[in-house]
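One letter stands for each residue in the lines below.
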Amino acid sequence: MRLLLTTILSSLVATGAFAQNYCAAGKTLLDNKLTVATGNPAYFPWVMDDAPESKNGFEAAVVYAVANEMGFADSAVVWTRSSFDQAIQPGVKDFDFNVQQFSITPERDEIVDFSAPYYAAAMAVLTRKTVVDKGADTSIGALKGLIWGADANTTAVPMLADIVQPDKEPLLYGDNADVVEAMKANQIDAALFDLPTALYLSAVVLEDGVVLGQFPAERSENPDEFGLLFEEGNPLKECVDAALETLKQNGTLAALETEWLSATTGVPVIE
Amino acid sequence: MAFLETRRLTKSFGKNTVCNSIDLRVDKGELVCLIGASGSGKSTLLKCLNLLEPIDDGEIFLDGEDISIPGLDPQPVRKRIGIVFQSYNLFPHMTAAENVMLAPRRLHKRSRDDLLPQVTELFSRFGLKDQMQHYPEQLSGGQQQRVAIVRALAMRPEIMLFDEITSALDPELVGEVLDVLRQLRSKGMTMILATHEMGFARELADKVCFLDGGVILEEGPPETVFTQPTEVRTREFLARVL
Amino acid sequence: MPTRRQAYETRVKRRSAVIAGGSTLGVLAAIVLLVPLAPGWPGVKKSFFNAEVFAKTFPGLLDAFVWDVAIFLWSAPLIFLLGLLIALARDARSPALYPLRLFGMFYTDIFRGVPVILVIYLIGFGIPGLGLPRPWNSPFIWGTVALVLTYSAYVAEVFRTGIESVHQSQRAAAASLGLVNKDVMRYVILPQAIRKVVPANMNLFIALQKDVALLSFIGPVEIFRQAGVYKSLLANFTPYVGAALIFLAITIPATRYADYLLAKQLRERT
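Chains as they are written, first to last, in the working numbering: chain A, 1061 to 1331; chain B, -15 to 226; chain C, 458 to 727.
Chain A with its partners taken away, still in its complex shape (with noise of 0.2 Å):
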């Protein structure tokens, strides 16, 4: 008997019946089904492994909790992967939301539509011992002589040039991988990632990365804070605030933090 009531109650799980009694009924792209987008590749601590459908990584697992607030079954999330540029091309897109680290700024968001912020991210600068060695430190004036470079993509862009100030013009790339492989060549000393990201590389990806301190949020003139991104006028946007406020009041979002991105503490903050 107690097997029965498991088999139904998964099968309706299973098809998003559950949906149905929630907010978010007949405004997704396939009915019962979340589609969501993220980067090709997703990186790590966002998501681990590439996989976002393991739940391992930060936005893997705020994403799962999304929608099972909103009362989709683990099951019912789909995955599909997009650019940057698609997330923001005009027309109709092939996705619920997308997440991959997007910033919110309102001239995006006249473009597309912002959910409300999962994650306020410090900014933070990513170099190498043999720069440290040689010197660099946190303060200002240290980090004017370095060459900077950073993800033309990301609002990295903007912070160098508001608060630092680089004596030479940045140099800027096309992803993550490729500002690292610029780093290895010696090419620029230093790069401006979001915390999560800095650690990650400088702990994984680059051989002697150090992460030699962060941007409090607060200093930038817009605290960078990331969003889930949706097509412009997408109704399903209240359904996902309404679960994101959710899950900020009983402390699952900050948990997820604690679990995936603990190691963003003790990092020294740039006066």
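If you're looking for bench data, these hints aren't it; they were derived computationally from the structure.
A couple of the hints might just be wrong.
[To be verified] Below, simulated DSS-like cross-link-like pairs (lysine-lysine); rule was C-alpha separation at most 27 Å, straight line: (1) K1087/A / K502/C; (2) K63/B / K639/C; (3) K1194/A / K1204/A; (4) K93/B / K639/C; (5) K1087/A / K503/C.
Once you've looked at the hints, dock chains B and C against the given chain A.
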């Protein structure tokens, strides 16, 4: 030994033997005319003499020196033997004067200024003074061919080869080119002329050689060859062209 | 009083002018009137043809374009020279120079066979990664090297065609004057060959001006990258349209000029 002499000169292109054991003798100051139908081997013979085509067998002697040794550097020999082609072959990107000065500048290491008086004199002698600064495309066929002759003469060759130099010209322009040859003849230049101008050959040649199928079928003073040819093939050829 | 023939030709000319003008207008009208009717047009207009974004980003794009022009200007002469050398290597006739000839062949095969962007990545990151000191590891230097290697392979092939198109009789005429091979090539063949392939080379150099943008992949913030930064910040593709317009302002006149030269050469040949 004659000034220029070939012994059993043989040249083939694949299976086609174009010059078949040719013995040619040209004395200093002589004008020898090669006549014969197209493809009889006149052109190839001239190119072999200038070492533009390597010969397969036989020898070529220039002033007693064997110039046909395989592997011999052809450049010094070519300086001594001038050649003018049917299609002028002026360098189209240079003026007439530059065409003429190129080889002396490079081979005798002489400057343009140094060469100019001599070159101007050559142009004047052949009625081309006004055309010195013209490009080939601005010249008539006859003028181009005369510039080509001047270009070869500027290297002060010991012997000149002319390969049907009037064949590509309009009839009214042939005369001015032949006049140049007359002038050279009067100066005692040694010349070999492959030609279809039978009148000219008859008037000025010291010797006429009739080539047929890659051999010199008949040779002798022009009067003899033109009026009393001994070979049937010569008679047939002359009947066609005269 | 025009002849019957002239009257007829005037009539025909007028008629074709009317038809050509009419059909052009018709197509333009269809584009201008129909495209905005498409359901996605307001979105496309906002993302690609946003006047406000255009005005805001265009000056920055122009500034960045200076890099494209500079990289082009220092690459082009190097490409010309190396292309010429490779072409000459491939034309080397003496057996002692056979390795040179073989090298030329491999060189052109390899660099014409690999996408430019791969060469830029491999050389732009790979060689500086060997541990070159600054400033010799600059992406500007190695990006330029990648462009030069790739484009000189194409230019070499164009030069080789040019060299081969100079008639054999020109070589014979030059050799008959006693000129050595080197002089024959330098004074007689090359000047003619280079002139013959000017239009073909111009097309390659126009392509080069566009491909300079690929250097952005290894760091330099030239116009394409600058446009990408604006795109990312503003979530708007209009900066790309601006960049395209700037490229066109250079490449259209250059392309027209190359076509004109080519047409002129064809006329002269016939």
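Verification of the supplied hints:
{"no.": "1", "hint": "K1087/A / K502/C", "in the structure": "26 Å, holds"}
{"no.": "2", "hint": "K63/B / K639/C", "in the structure": "16 Å, holds"}
{"no.": "3", "hint": "K1194/A / K1204/A", "in the structure": "14 Å, holds"}
{"no.": "4", "hint": "K93/B / K639/C", "in the structure": "15 Å, holds"}
{"no.": "5", "hint": "K1087/A / K503/C", "in the structure": "25 Å, holds"}
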